[in-house]
Amino acid sequence: MAGSLRVSVDTGGTFTDVIGIDGVSGAVHVVKTPSDREDPSRALLTGVEKVLALAGADFDSVEMVVHGTTTATNAVLEHEFDGIGLLVTEGFRHLLEIARQSVPDGYGNSFFWVKPPRIVPLHLVREVPGRLTFDGAVHRELDEAAVLAAAKELVDAGVNRLGVCLLHSYANPEHERRVGELLGEAFPDLFVSLSSTVLPEYREYERAMTTLLDVMVKPYCRTYLDRAHQELRARSGDLPFLIMQSNGGVVSAQAAGEKPVTMLLSGPAGGVLGAIESARGAGISDIITLDVGGTSTDVALIEDLTIRLTNETVIENYPVKVPMIDIATVGTGGGSLAWVGPNGALKVGPKSAGAVPGPICYRRGGTRPTVTDAAAVLGRFPASLVGGDLVLDIESARAVFAEFGAHWDLSAEDAAAGVLEVAVAGQVAGIRQVSTLKGRDPGAYTLVAFGGAGPLLAAEVADFLGMTSVLVPPNPGNLSAFGLQVTDVKRDYVRTFVRQVSPEVTAEVTALWNELERLGQDELADEGVNAARVELVRSADMRYVGEGYEVTVSVPVGTPDAESLAAVAVAFHDEHERVYGFSYAGKQDVEIVNLRVQAVGRLHRPELTGVTESAAAEPASRRPVYWRGAGWRDCVIYRRADLGAGSRIDGPCVVEEYGATVVVPADWAATIDSFGNLIMKRRLA
Amino acid sequence: MTTRLGPIELEVITGTIRSAEVEIEAAVERAARSPMIRDQHDYRVGLYDAKGRKLTGRSYGSLIEPIFEFFGDDINPGDVFFWNDPYNSAGSCGHVPDLCTTVPIFYGGRLLGFAQVFGHHDDVGGCVPGSLPVQVRDQWGEGLVVPPAKLYDKGVLNETAFRIIERNSRLPEHLRGDIDSEIGACQLGSRRLTELAERYGVEALEDAFDAIIENCAATIRAELLPKIADGVYTFEDYIESDGFTRKLYAMRLTMTKTAEKITLDFTGTDPEAEGPINWAIDYCEGRFVRKWMGPVLRCLADSPERAAEIDINEGVLDVIDVVFPEKGTLVTPHFGRPTGLRFFILIRSLGIFAGALAKATGGIMPADHETIRIWGLHSRARDGKLSLFREVLGGGGPGRPWADGSDVVHIVPNSRNLPAEFSEQRYPVLVESLALRADSAGAGKRRGGFGYDKRVRALRDCLLLSNADRSELAPYGVNGGLAGHPYGVSVESGEDGVVRSLPGMVDDVQVRAGDLVRLWTSGGGGWGDPLERETELVRYDVRCGLVTREAAESEYGVVFADGLTVDEEATDRLRAERRGARDGLPMFDRGEHFRKVQSAGGLVWPEGWSDPDDWQAVPV
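Heads up: the protein sequence lines correspond to chains X and D, in order.
Under our numbering, the first residue of the first sequence carries the number 1, and numbering increases by one thereafter.
Under our numbering, the first residue of the second sequence carries the number 1, and numbering increases by one thereafter.
One or more hints might be untrue.
Far from chain X, some chain D residues (derived; all Cβ distances over 12 Å) [said to hold, decoys possible]:
| id | residue |
| --- | --- |
| 1 | Ile8 |
| 2 | Asp178 |
| 3 | Glu534 |
| 4 | Glu553 |
Have a look at the derived ranges for each label pair, beta carbon to beta carbon [stated by the list, open to error]:
| id | chain 1 | residue 1 | chain 2 | residue 2 | range |
| --- | --- | --- | --- | --- | --- |
| 5 | D | Asp153 | X | Gly439 | 21 to 27 Å |
| 6 | D | Glu159 | X | Glu515 | 43 to 49 Å |
| 7 | D | Asp153 | X | Thr506 | 55 to 61 Å |
| 8 | D | Ser490 | X | Gly443 | 46 to 52 Å |
| 9 | D | Arg543 | X | Thr329 | 34 to 40 Å |
| 10 | D | Pro147 | X | Arg177 | 56 to 62 Å |
| 11 | X | Pro556 | D | Thr160 | 38 to 44 Å |
| 12 | X | Gly631 | D | Thr160 | 57 to 63 Å |
DSSO-like, lysine-lysine: derived pairs with alpha carbons at most 27 Å apart [to be verified]:
| id | chain 1 | residue 1 | chain 2 | residue 2 |
| --- | --- | --- | --- | --- |
| 13 | X | Lys587 | D | Lys154 |
| 14 | D | Lys385 | X | Lys587 |
| 15 | D | Lys385 | X | Lys115 |
| 16 | D | Lys227 | D | Lys257 |
| 17 | D | Lys247 | D | Lys154 |
| 18 | D | Lys154 | X | Lys438 |
| 19 | X | Lys115 | X | Lys438 |
| 20 | D | Lys257 | D | Lys327 |
Since the hints were made in silico from the structure, they are not lab data.
Backbone N, C-alpha and C fix where the C-beta goes; we use that ideal spot for every residue, glycine too.
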């Protein structure tokens, strides 16, 4: 029987975080190792070995390895576009050049805006004769000789990755399948992605782009995942190796390599999963996550502990229409630089001091003021961080802030407090995107704050939004790697099927849903998931006839076939009312656009040991802390490790721990629950 | 809580207002029904202070003044103001399909400001589906006209008014969905201002409004005006037809630049037209047109990235003054003149401002681009339901010193074309080709962007409409760059293959099932001497099939040896010969058709007006 140690590896740009949780004892082991950009599998192996050493275990005791990585995203951000080609339907060679004829942002920008480079330059796009109509009927047969000739030209021109996007292939994949076969025979070394496999959804430009991003990262993901998997197998035999995807679920490394676009936006997923698990422990079901890293902040809204997905994500200007956790990202984090903008404005971000040179107070050569420096100037940090390894240079930070504040006749403290206020406002804007913009009042949610700088600003962010409850999980700096431990196997299936909702289409809709469900069952069985642990969730993208955007609504699990369509229609009116403030139940016709199924294979959760009880919280020290509006106040400082379950502390105070600092302002109080979650509540005025 | 306005409050308030504008836009777009609004993004969003001053700058917005004029102090929480009357809205609505919705924002009984959305709706009646008839002689033929009215009065819906408005549209469900989405979006935006008042106090917030507006003027004065030489400059451009008469309808501008200000004088503009190309903007000191034209100045920012950051809000009024001619011109039409296709002159106004600025800046302005034209096919299904397939097709963007023009752009931000896979599902059409048109871009050291070459086959009998200018005259080139190529539309019979070429402005042309409609849109004007364009760039365009070898030689002086190899020697020779043969390099090129019209006497200048094109390029 397999071992009981579940290992999760979270590969970021700078560090690889590894956690091992023993399913029997509940013991948690945490290590950090530098990432390896040349060959990320080396850092992965090193990390796993380190955590085994720490746990005093060997490879035989590992139950599975779960891996999350931003390497695919980075490849896109770094524009590794060389050698990508595209096959399209005759008449559509300029598909990428035209895109959606869209100029971003403001009115009048068409005068000066410069179209960014396309992911495939025009000379590497070829047309193939053959045409389908919207219902999947063949209007003109595929010209197979032309396909081979076009592909040969591209391969001769240096193409090693080829996307195929034929018109209406979502309605009938036959032509694309045939193209795939022909290419497989004639060019076995060519990496190919078919749009009908990657994203069987209508809207040709978006489908083409998603397909191209898939094929773009394919060679890289395959080699790297294969290598990592082989290395693991060499040490442990048939060890499950699971990869985190953008939808917050995992799949086998092999499946991930087949369709790597699904892991393109998986970076923030671990944190969201970890936050959900912490909230579950605390008995809270509706949360907004606040993940503050060095350069940016990710936020997501979660209801009933269930992830909401979106299909409208873009990386830079490139649409990626695969299901992804609905996350808003704003460009302020702990390392964000404060600067003097045009007209003497006090600006924060989006430029960041990064890891190097970093904030001034970290002594790595930083000379420009950051959000972290502002917190240091205000007394929010102890003399040293990360268990004493990083001795802060607060004086230098203060000197720079004194100079910075002089632009507006502000003291160093007022300038620093202002920088925090502006950073907070940026995070507030992000939270509004996932809440008020979707008809949700943030006041009804608990803010779950993590990442290095999340707990530092969380209460102030909450105050700004009228939120009265904040949860800071244990080890908030490591929540992402922890989240990889508490995931399920998830695969998403979609089919465009545009029909007006009426009893007549019930049979067709049911048949399609059933087909997608069978696909899910089969693929999860291939992944080795026990059928008893498989859950199938039906949903549909719907709109009033004529609307351009769809609202996705789910069918409650267990709804009979005959009632599923009616159930989504009712849910659609309700959600429309909630998000947009109006609905037309009984007045206007509704149409389905896409049918979806998510197949979930439940993995068991590791049992966590709680923290011991301690009624009275013992302060570790006192020091002056500066508050905007109130000035310097002598404050109590606690060590998180000293706070047992049931202890209660009143603001203003600061709680220090290994990778983060929790700030509890004057109007707030905090308690510790039995899982070690720190829960802050705003006191009634 | 009362706070003094400091840099921190100002930054948070500025940022919140900016993101509120984006939130309102997102809310409109998601729930709106008319493709014109949700895909083509033809809607504007604005937040205003209690004095009606515009605080936001992403879009040009409308005006608040009509509310003050019609309702005075009778402005209450729960009101929703509504209008689309081009002649009773202080110039804020240019044509009747633009319905304007405004919500007042209150904080504890005090009027803080307004949130506003106006959008181009699919249909508000009139004699042609889509409400943009070409052959119409007055405003009453263009559709329903609503003067400033309260659609909601203190939260109570005027159901009768709403029913009348809906009843006058051929697509009432679209109209209802659009208006509801706009009201919802305004209310969402309103909450941002009240939250700011709550956090920082009304006084600090109102001080911030002043600062936001003053900062706009300060930015223009500090970063943009110094790049324009003081002096008086003239420029003009034309519309080809008013739907009844084909001739040049000129919009004329005299721009006076001083250290502190720019005055735009439209005196000399041609008389008002019989057809729908008039633009009623001579109201309340021309505030609308000043805010509309101001953003052109952003082209003078240090970089395109910086240009994108500069918001043009009410502060631009401090920098730009305007002078109108007497009543009865294209920009000062008498009450009731038709205005449906006023977007031609709207775009022309930007072009003549940019042209005058090119003269005043040594030619560093972008060339011209024509980015709005609407075409469509409409028919009725057997059940009588209207099918209105209508698109706004962009055109090639302008060449400019820092880059070639972008292809097929639309001046309306985030405007999107209709995917073929959407169009074919929704309408009885087959999109046979969606392409860029070879050789459509104006040649230049930095060429223009390419226009569309789109082919659509009709699958049932229908009627075609085309609302397009620049079908003969082309977007002008600047600083030695050449004009782009104009728009065209034709119908090829599915039976006998006979091709009918149509004028740019037509209503209701019969198209049979099986006929192929072909459209090509204008390319952008080029910037700088085409003989200076790097041969490698010309070669790449030829390689991609965007520029033909013939055009490479005739327009760029680039000679190909064989295949895709440039004969550098022959190219140098040809280019030297061309340079030697020409007598200077003109600042502007308006293309072949213009030269023909001019030499045939089709252009008559008013007294005291001289040729504005008489200006030399600045060598690059």
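Cross-check of the supplied hints:
1. Not every CB of chain X is more than 12 Å from the CB of Ile8 (chain D) (nearest about 3 Å), against its label as outside the interface.
2. The beta carbon of Asp178 (chain D) sits about 10 Å from the closest Cβ of chain X, which is not more than 12 Å, so the claim that it is off the interface is violated.
3. At roughly 17 Å from the closest C-beta of chain X, the C-beta of Glu534 (chain D) stays outside 12 Å, upholding its exclusion from the interface.
4. With a least CB separation of 21 Å from chain X, Glu553 (chain D) remains clear of the 12 Å interface cut-off, as annotated.
5. Evaluation of the 21 to 27 Å hint for Asp153 (chain D) and Gly439 (chain X) yields a pass: the beta carbon distance comes to about 25 Å.
6. Between Glu159 (chain D) and Glu515 (chain X) the beta carbon distance is about 46 Å. The supplied range of 43 to 49 Å therefore holds.
7. Checked against the hint of 55 to 61 Å, the pair Asp153 (chain D) and Thr506 (chain X) fails, with Cβ atoms roughly 44 Å apart.
8. Distance hint check: the CB atoms of Ser490 (chain D) and Gly443 (chain X) are about 59 Å apart, inconsistent with the given range 46 to 52 Å.
9. Taking 34 to 40 Å as the suggested C-beta distance range, the pair Arg543 (chain D) and Thr329 (chain X) conforms, at roughly 38 Å.
10. Roughly 60 Å separates the CB atoms of Pro147 (chain D) and Arg177 (chain X), a value that falls within the hinted 56 to 62 Å.
11. Restraint check, Pro556 (chain X) to Thr160 (chain D): a C-beta distance of roughly 41 Å satisfies the suggested window 38 to 44 Å.
12. Taken as a hint, the range 57 to 63 Å holds for the pair Gly631 (chain X) and Thr160 (chain D), whose Cβ atoms sit roughly 60 Å apart.
13. Taking the CA atoms of Lys587 (chain X) and Lys154 (chain D), the gap is about 25 Å. The hint holds against a cut of 27 Å.
14. At most 27 Å may separate the alpha-carbon atoms for a hinted pair to count; Lys385 (chain D) and Lys587 (chain X) meet this at roughly 17 Å.
15. For the proposed pair Lys385 (chain D) and Lys115 (chain X), the alpha carbon gap of about 40 Å is over 27 Å, so the pair is violated.
16. Under the criterion of a C-alpha separation no larger than 27 Å, the hint pairing Lys227 (chain D) with Lys257 (chain D) is consistent with the structure, at around 11 Å.
17. For the hint linking Lys247 (chain D) to Lys154 (chain D), the alpha-carbon distance of about 50 Å lies beyond 27 Å, and the restraint is violated.
18. At most 27 Å may separate the alpha-carbon atoms for a hinted pair to count; Lys154 (chain D) and Lys438 (chain X) meet this at roughly 25 Å.
19. The suggested pairing of Lys115 (chain X) with Lys438 (chain X) is violated, with an alpha-carbon distance near 31 Å, which exceeds 27 Å.
20. Restraint check for Lys257 (chain D) and Lys327 (chain D): the C-alpha separation of about 25 Å stays at or below 27 Å, so the hint holds.
Checked against the numbered hints listed earlier, the structure breaks hints 1, 2, 7, 8, 15, 17, 19; every other hint is satisfied.
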